[in-house]
Amino acid sequence: MKHRGRHRRRRRGRALRATLAGTALALTAAATVISASQATVADAPGALKPVSASAGAGRLPLAEHRVPGEWLDRLASEMGRPVGVGAVLEGADLPLRDAADCSASEKHSLPVEPAATRAYCFGGSDTRGWRAGAVTTSGDADDDGRWGGNRVILSGWTRGAEGGSLDGPAPGQGLAKVAFVDANDPARLRYTWALLAVPVNGGRDYRGLVSPLSGMVWYQDKLLVTTREGDRDALYVYDMDRIQRATVESDAVGRVGSGWAAHGYRFVLPTVGSYTLPGGDGASRPATVSLDRSTSPDSLVASEWVPADGDRRTRLWRYALSREPARSGLLATGSSGKADPVEAYETKTADVRGVLSRRSGWYLDRAAGSPGGHGTLWRQDTDGARAARCGTDGTRHCWSGGSGSLSYWEETGEVWSQSGRMLFALPLTSIGRALD
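Those letters in the sequence shown? Residues -26 to -1, 1 to 410, per mature numbering (1 follows the signal peptide of the UniProt record, and there is no 0), in order.
Treat the hints with care, since some could be wrong.
Stated by the list, open to error - Capping the alpha-carbon separation at 30 Å, the derived lysine-lysine pairs in DSBU-like fashion look like this:
#, residue 1, residue 2
1, 23, 312
2, 322, 23
3, 312, 322
Treat the hints as calculated values from the structure; they're not laboratory data.
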């Protein structure tokens, strides 16, 4: 059973950081040549513009909804007793390849500057036709960096999602799955898959979540996932203590005869709740999220997705997380049952694929403007904006190619992200040094 009290294990954290520093990868393959077409960059986005929470652009209240407890209990009585993260990790038998064993084309998507200090790649057979989009870790779940004694990375994928858009998957596709990565041994990462699902028919069945998976945060015992299933969906909530085992190996999803299938995977997470947007407002919605432990209380930060040729600014929001023991892992809500943002900003940065906030700084990764190119990582606050430079040529197209969400692991000081099949990490301090 996970002890949920906050506690820092500083000696272990320092030892771990020293170990990681001593084994940091020299990812020279990531230092690819930037083409002449990438040598220029659009004007800097400038400072963040604060927006009043009462203004239309700043007010994005999220209404909380719970899946009825009897639905979840009925599903558990049919499928068997739910399991936790530890049981899932026991089945982690798929190896993540170390960067040295990844192909040059896979490593091309890694950041040029600052360089990744750890990088791994997923296999091709179980990710072909799927798009990586979201990362969170046990460093989000608890500030000691562990969950039930395990160090864990979660990597989210969507089947059939369009690579250049966050509007949604192709018709009839879009299943979402999460890789549970056993990260206890940095030299030997292994993983297994769990399908994200939604209970239906009173908990007598479930269907797959059909949405691009572009952001997720694991906080305490909850996993909050960005969704785009309808006009009002914003976040789905999953309980990490309510993971169910599939009993039938089949491409089907849900009840199959007398058993249960999860598209061939061994585990399935049924949603336990959701946060929805005001009725009919499809213009603004969180597209990527991350956790900020530098605030009090801890907070969830979110960015919407505005295409590069969009005619308006990108909006950023901050939501407080609840301190109530009975609401572990959920957003703080008022008497109306809605979570209102405690901060809101606008930025000129477009095509944002990852957001991270730490103290007064906001880090936004912008996707590459062309296939095979590299993105840009900006740090913005209310005073201005800076971006990492690749070297003496002055280009700012230095970040990963297929930019993904960002997650800060406080215990180790690392930022985790993924690009294509590459899962990678680098110290936040190295990002600070690379900023121009």
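Each hint, compared with the structure:
Note on residue 23 and residue 312: the hinted pairing holds, with a Cα-Cα distance of about 25 Å set against a maximum of 30 Å. With a C-alpha separation of about 9 Å, the suggested pair residue 322 and residue 23 falls inside the 30 Å cut-off, and the hint holds. Restraint check for residue 312 and residue 322: the C-alpha separation of about 28 Å stays at or below 30 Å, so the hint holds.
Every hint, counting from the list given before, is met by this structure.
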